[in-house]
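A.B. asks: If you read the sequence shown in UniProt numbering, its first letter stands for residue 1, the second for the next number, and so on.
If a hint is listed, it holds; no wrong ones were tucked in.
FRET-style restraints, in silico, Cβ to Cβ:
#, residue 1, residue 2, range
1, V115, P177, 27 to 35 Å
2, E271, P82, 54 to 62 Å
3, E45, P267, 52 to 60 Å
Note that these hints are calculated values from the structure, not bench results. Note that the Cβ used here is the ideal one computed from N, Cα and C, for glycine as well.
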Amino acid sequence: MVAPATTEPKGSMAMELTTGDPALTARLERGMDASEEQLRALATEARDPCVAEVAGHLFGPGGKRLRPLLALVGAEFGVRDPSAAVQAATLAELVHVASLYHDDVMDQARTRRGVPSVNARWGNTTAVLAGNWLLSKAAQLAAELGPEAIRLQSKVTNRLIMGQIRELVGPSDDDDPLSHYFTVVAGKSASLIAMALQLGAVRTGAPEPVVQALAEYGEHLGIAFQISDDILDITSTSEVSGKEQGKDLAIGVASLPVLLALADERPEAGELRTLLTAATAGPEGTGLPRAVALLHRCGALAEARTVMHARLLRARTAVNGLPDGSATRVLHALCDFVSRRDH
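Build the full structure now, drawing on both the sequences and the hints.
C.D. replies: Structure below.
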């Protein structure tokens, strides 16, 4: 019997995954290293030192590196091809980092991965242009990888942008706020996680039913991951998470715990609504600690965790038909990680 092995993806925040397979652990670690080397090399291709510095700003600091890891895991379901797997991982992370640059501008974020965000350091215009440059490099890499990579990359870019637009515009008077939330999250978060798995699997010739199962898994895992982010925005300190605590509350983002708290006539709902609509929960106001306390007291955080666990169960169910091997065990371990993450 093979002894359990764990992998902590390079640059990640103590994300340990039990693979039960030392050989798989070694492949994933090599793939993560090779992908990070490709990312740094791509940033230097800008030739302009300023563009290279801005574009590569988030390639150095820690991050969970979940998308490249998922691409590498997806590649395990096809014919083993380390080069193809690494290219898929690099493409997934390029699109993800580009989306972070744009997202931080929209959210007015000051930090990302424990360092100043691009918009905080160089300004919004530079951040948007750098994000666009990264997307152009992703498109260039997809073109080198072939038609299916182009299809997946263009589709996920469209979904990311539509998710951002829907979040910016907000729900209409006829929309259910919770339904609107899940539509936004599916576009902004789940789409890229599903794409990473699909791209890795497609690049190594995995059967179509396997690719579709991985896509469904990724959609549910992505939504669960975003819900965990929503919870951590309220419960985790900036020292632990690398982000500003209560950032979403401060700028009025309708996270799942907030929507659940406001969805019924809980005693705390009225005061919480006043705090949020009056914009007194901002970093300079006195309302943020009170809003956090209300979200704890009213049970919205516990309810959000229940929704998250339901999504994780759907993710597990999606891959129940896959071969019972090490790669499938990693997918289940990722669900375990999301369910217990604290940063």
